[in-house]
Structure formats: structure tokens, C-alpha cells
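Asks: Listed below are the residues making up each chain.
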Amino acid sequence: MPKPEPVPAKAGGTVEVKLPVQLREGYHVNSNMPPDPYLIPLRLSWDSGPFTAFEVVYPKPILLKLGFFPTPVPVFSGTFELLTRFKVAASVPPGLVNLPGKLRYQACNDRMCLPPKTLDLTLPVSVSRQ
Amino acid sequence: MLAQKLSPRSIRRWTLFAAAVAILASCESPIPDGFHLKSANERKATPDFSLKDSTGALIKLSDFKGKVVLLNFWATWCGPCKIEIPWFTEFQKTYKDRDFAVIGVSMDEDGWDTVKPYVEQHKMNYRVVVGNDQVSQLFGGVDSLPTTLIIDREGRIASMHIGLVAKNTYQKEIEKLLEIPKDAPKTGAVPAPGSEFAFVRPN
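Chain order of the listed sequences is A and B. Mapping of the first sequence onto my numbering: residues 1 to 130, in sequence order. Mapping of the second sequence onto my numbering: residues 131 to 333, in sequence order.
Derived from the structure by calculation, the hints contain no laboratory data. Treat the numbers as computed from the prediction; the structure is a model and nothing was measured. Treat the hints with care, as some may be off.
What the hints assert, rightly or not - Partial chain B-side listing against chain A, Cβ under 10 Å, derived:
#1 G209
#2 P210
#3 K212
#4 I213
#5 M237
#6 S274
#7 V295
By construction, the Cβ of each residue, glycine as well, lies at the ideal position given by its N, Cα and C atoms.
Start from the sequences and build out the full structure, keeping to the hints where you can.
Replies: Right under this line is the structure:
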């Protein structure tokens with residue numbers, strides 16, 4: 001995977017970052033709000049620090065009729081984006097900051113499921129003065 | 131919400147193209163389907179393990195020798211596994227008096243905190259244990275769920291199914307193995323002509 005370009009941000013400002021996600025064909029992951037408490041939701045989280053992720057926006061899920069649940073199950077499949085809105089602390093000095101995050105997911109196809117996984121993410125942010 | 135207090139101009143939009151996260155399924159196994167018991171001379175001994183059930187009682191797989199066993203690796207978060215649970219509950223009820231047992235090995239990371247209420251909620255009438263990586267590795271690394279083994283009376287793997295298969299497939303395999311009496315004389319590893327088993331049935 002190529003190293004991502006740093007995201008420009010101003011100290012004291014806000015910034016939005018879109019994280020594209022691509023699933024292997026035939027597989028899906030649960031949405032961020034699955035209808036069954038036992039299903040593992042897709043969850044993007046960022047470590048707290050000079051950046052505060054005050055909102056994560058998930059796309060509109062696809063409703064998939066699956067044999068194990070009476071109503072269609074909201075899932076994500078194919079390629080989609082997860083958007084995070086950050087508030088940048090005014091006290092952050094200019095320069096490059098690597099923001100750690102995690103993407104928790106659990107993938108299935110129509111016949112089998114794979115164990116839940118947590119991907120470690122690093123978001124490079126280039127901070128400039130206000 | 132903070133976003134609503136900000137003027138549109140103050141929000142900078144960036145797309146992190148290069149950081150595309152590819153969620154790739156790490157294991158894609160062929161999905162066996164249909165009735166396909168291995169012949170007796172092709173069957174390998176099932177690895178043994180000991181795990182505790184929800185009451186703390188130790189379940190040792192080799193203690194089930196003499197029975198036909200359906201060993202099911204599953205998890206509470208696995209939708210296809212949920213489809214199979216009523217089938218296995220039915221098999222346990224139907225065949226329990228014919229030297230048959232279902233054993234469920236949950237691969238839930240949270241262990242009994244999650245598994246115990248699920249077992250009660252789904253009225254699972256068979257033995258359930260919580261598995262671990264060590265047990266998974268004994269079976270070549272159980273990565274895809276459900277993974278189900280049908281084990282013969284001699285403790286050998288007669289079939290292995292990765293992923294959801296038809297209820298009928300399990301049923302036929304179980305019934306075929308149950309046809310062989312517990313005390314049937316063995317003839318070694320040579321299958322009888324036209325038979326898929328290494329046993330000669332008594333006349």
C-alpha cells in the first residue's frame with residue numbers, strides 16, 4: 001500500500017478525512033449499526049490527542065437478505081468511504097503529526113464468516129499555523 | 131453538534147486517496163458440498179483436545195470414541211453458523227440414543243460472557259466449549275466459520291465442511307456412519323468392494 005500524503009490542517013481548525021475501504025468481491029461487513037447485538041459492527045476510531053475525532057460518518061448501508069435474520073441486514077460491500085471530522089487543537093505546533101486509529105470489522109460471504117479483525121491505521125497530518 | 135456550528139468555509143475536505151484500506155479476506159477455501167464421506171482408509175485420526183463447557187466440566191474429544199460426532203466450530207457473530215444451530219439441535223435430539231453427539235466449539239474471543247447467554251437463548255441442547263488458537267491450530271487453523279467435521283466411531287475424520295452446507299448433507303453423512311454398529315469387526319484399512327467404509331458388516 002503506498003504511503004498516504006499528509007493531510008493539511010490548521011491549528012485550531014477542523015478537517016475532514018475520507019478513508020476509502022475496499023472489500024474483496026463476494027464479501028460484506030456489518031454496518032456500524034447491525035440489528036443483532038451479536039453481530040460485530042464496523043467501527044472506525046482514532047486515538048485522542050491534539051486531534052479530536054468529533055464525528056465519524058458511515059455510508060448508507062446495503063440491505064441484504066440473509067438466511068439467519070428475519071429482516072434484511074444492513075451491510076457494507078464493494079468500495080465505500082468512511083468520513084471523519086476532526087477538531088485540531090489550537091496548541092498543536094506546526095509540523096507533521098501521525099494520528100493513530102483503528103478499523104474494526106468482521107467479514108462474511110453468503111456461506112462463511114472470517115474472524116473479526118482490527119486494522120491499525122496511521123493518518124499523517126501536516127499542521128500549519130492558524 | 132460541533133460540525134453544525136462551523137461555517138462551511140472553515141471545514142476543509144480532504145480525501146485520503148492513498149490510504150485506501152483494503153479489507154481482504156485472508157482465507158478463501160473451496161466450499162465442499164454434498165455427501166462425501168471419505169473411505170475408511172483415507173480417514174485421519176481426529177486431533178484430541180480437552181476444553182471446559184459452561185459448567186466447568188472438562189470435555190475430552192477422545193472420550194467420545196465409539197460415537198459418531200459432529201464437531202462444529204462456530205461463533206456468535208457468524209450468521210451462517212446461526213442457520214445451522216437448529217439443525218444440530220435436532221440431530222442431537224434425533225440421534226442421541228444411537229451413539230451420536232454434537233459438540234460445538236465457539237471461537238468467540240470474549241468467551242463465556244458472550245457464549246453462555248447465546249447458548250441459552252438459542253436453546254442449544256448439545257455440548258458447547260469455548261475454543262482457542264491452540265485447538266484451532268490442531269485442525270490446521272480454523273479461520274472460516276462454520277467449519278464442521280463428521281467424526282466416525284473410531285475417532286477419525288470422515289468429512290470436513292468449510293462454510294454452510296445443506297442440512298441434508300450432514301444428515302446423510304451421520305446416518306451412513308450410524309449404520310455401522312459400534313462393535314463391528316474391522317478388516318483393517320482395506321475397504322470392502324463397492325463400499326466406502328473399511329468395515330465389513332456382520333451378516
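Asks: Given a cut of 10 Å on the nearest C-beta pair, is the interface hint for B/V295 held or broken against chain A?
Replies: holds (8 Å)
Asks: Can the hint on B/M237 be confirmed by a CB-to-CB distance to chain A that is less than 10 Å?
Replies: holds (7 Å)
Asks: Holds or violated: is the Cβ of B/S274 closer than 10 Å to a Cβ in chain A?
Replies: holds (4 Å)
Asks: Classify the hint on B/I213 as holds or violated, based on whether any CB of chain A lies nearer than 10 Å to its CB.
Replies: Hint holds; B/I213 Cβ to chain A Cβ min 5 Å, cut 10 Å.
Asks: Holds or violated: is there a CB of chain A closer than 10 Å to the CB of B/K212?
Replies: holds (4 Å)
Asks: Please verify that hint: B/G209, Cβ, nearest Cβ of chain A, below 10 Å or not.
Replies: Holds: closest Cβ of chain A sits about 4 Å from B/G209, inside 10 Å.
Asks: Regarding the hint that B/P210 lies at the interface with chain A, is the smallest CB-CB distance below 10 Å?
Replies: B/P210 check passes; min Cβ-Cβ to chain A is 6 Å, inside 10 Å.
The structure meets every hint from the earlier list without exception.
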